[in-house]
Amino acid sequence: MHYDWSFGFLLQYSRVIGVGAAYTIGFTVLTAVTGFAVGCVVAIASLSNLRFVSAPLVMLVEVFRCTPVLVQLVWIYYALPVLIGVELSPAVAAFVALSLYGGAFYSEIIRGGIVSVDVGQWDAGRALGMRRFDLMKRIVMPQALKRMIPPLVNQAVLQLKNTSLLSVLAVPDLLYQGQLITSATYRPLETYTMIAVIYFIILFPMTRVARVLEARLAR
Amino acid sequence: MIEMVHVKKSFGAVSVLKDMSLRVPRGGVVALIGPSGSGKSTLLRCLNLLTLPDSGAIRVGESTMDFSNGDKLPRDRELAAFRARTGMVFQNFNLFPHMSTLQNVMEGPVTVLKVQAEAARATALGLLEKVGLKDKADVTPDKLSGGQKQRVAIARALAMKPQVMLFDEATSALDPELVGEVLAVVRQLAAEGMTMVLVTHEMAFAREVADTVVFMRDGIVVEEGPARQVIDAPRDPATRAFLSHFHRSGLPAAVVAGS
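For the protein sequence lines, the chains are S and C, in the order given. Straight run, no breaks: the first sequence in our numbering ends on number 219. Straight run, no breaks: the second sequence in our numbering ends on number 1259.
Isolated chain C, as found in the complex:
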């Protein structure tokens, strides 16, 4: 469903992605883990072209964007059409503060897909119900808790009926007691067979929900494999060192004992 081939990206002199390739099958859930600055957020932003790769190619579903002939950048219309097929959830929610919760969820379908307002409203209400926030439809985002904001943001992304969902550290800005409600929604999406890529620091969650875990460092993939194997029994010393920070707090004791 998603394919990233030989993607490179530099910001000035800093090479953030060095020849990255990634495949996510339909219904697959991939968790990207790694220290900050490893390039995982950049990778995610390349998948929906919020960041344009310097070279390589990105495919989502049927549409491919090729950056191998570097000088010709895609036009606004092509970029917009490509992005409309992926849903993205941000660390800082980025809800539209001048709109109600319901309007936030309706905005994509109405403005981009030109769906009739009444139909969009019905869909949006359904999605708010799905994330447990139907009663908050008419309030503005500043009245919501962090966990509620993020659930609205997920509903907003889902309203575009995306082929894939991208989560950029969706729980990192949340108070610990609010993380669970957001993860529950993501877990439900995984169960429904949504294709997803998650950048996350929730190792226990990655182990549970993802089928593949990719450990990145300095713009390259250090280790990639089935989630349980990479997290419970990492082969690479760098992966092991990184995960050791989490074993103390992030995973059940039995898992730590098992590794």
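The following block holds chain S by itself, in its conformation from the complex:
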């Protein structure tokens, strides 16, 4: 089979691609930050002794962990407005879905990190007379965070890849922009190859960094 590769035409679409990359990276950063905040709250609440707080949260986490993020995205965009009577823009729906989905996974990473801190550390902090918040902030979290960094980076990598699902709701991320270019030029091979290469260029260094951090923290 013979195919005449020609990437040159993509140059004139550099602005379109730039917008796509900005949406992809922007959504990743935004949903990673809110997802981490959601994850922190859920993790700390699920570790509390208050069953009526932790039980529903654990259930919610399971719902988000055990359904595909594409289904969540579509459900929040098409189904949730019927329930709450408020139309959500595609971007808002996508933001909510990816934040909660990320939060469900972050919360497990954070919970695991907190639980991995030796009980002796809690004892030592309590014995000094520390209250819960100080104990978390000064003693437990600094040690837990260190252990959480590699899995958090890995989750952020997944988070970025998941933003490709935004294209389904016509949010102009990288993949969606690729679809636009393809329908204008009829050259899917070059276009989608370039889209894949851009994802790779962004993510490969991240996975390397995660590897290095993992090795350094294991010492």
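Just so you know, nobody snuck in bad clues.
A few chain C residues facing chain S, derived, Cβ under 10 Å:
#	residue
1	Arg1045
2	Arg1077
3	Arg1083
4	Arg1085
5	Leu1166
On the chain S side, residues computed to face chain C include the following (Cβ under 10 Å):
#	residue
6	Asp118
7	Gly120
8	Gln121
9	Asp123
10	Ala124
11	Ala127
12	Gly129
13	Arg131
14	Arg132
15	Phe133
16	Leu135
17	Lys137
The set of hints was computed from the structure by calculation and includes no laboratory data. Glycine is no exception: its CB is placed at the ideal position from the N, C-alpha and C atoms.
Following the hints, position chain C against chain S.
Just chain C now, kept in the frame of chain S:
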């Protein structure tokens, strides 16, 4: 200074403390001895409420915690305030690994007592000097030997200016040649009149430093009395059987002969 009245504690179906009472006068040093599983560590942890009793009452200095109406547990703030007045030293040191030695000692005063950093630093350096580790102020705990870690842990507890010090098998995790340096610090504290409760397996040390020895087994006090009397001439057969494991190695021959 310390008073424990009718304290009971169970973990599930296992009754670890069965109606324990204990009094330690100001400046008194009490050694808790007994086989593992006898409840002595639980007793010690009840004294600063790291473990909450099921019933009974604990008094340290002026403040009392009453657990006789079992359903109302003390709040975080009350527990923290109570614990801040006692110093505790753990078998496994439990130093904060993400802080330097100096920061470990400063942590309590700065975070809990809201002491200014400069004042806390001066106090902490003084305490490190007292335990012979001023030159290690800026290293992290992983660079220290076990004996050095435990001396830092003692300094960290002392930084809170506690009314009493609790030692939970403070030398059990140490290599034999490092035990002496830690005991020397405890001995010095006793000489300064610090009120202390020690859970220990160092019988010779208990005999030397403690004024009262309490022998526990299965959550009750089997024998209690002046240190020399209990260790040299135990009255109860259970105490005698327990101490016989130590007489061979733990005490000078003259003491063994004397018993």
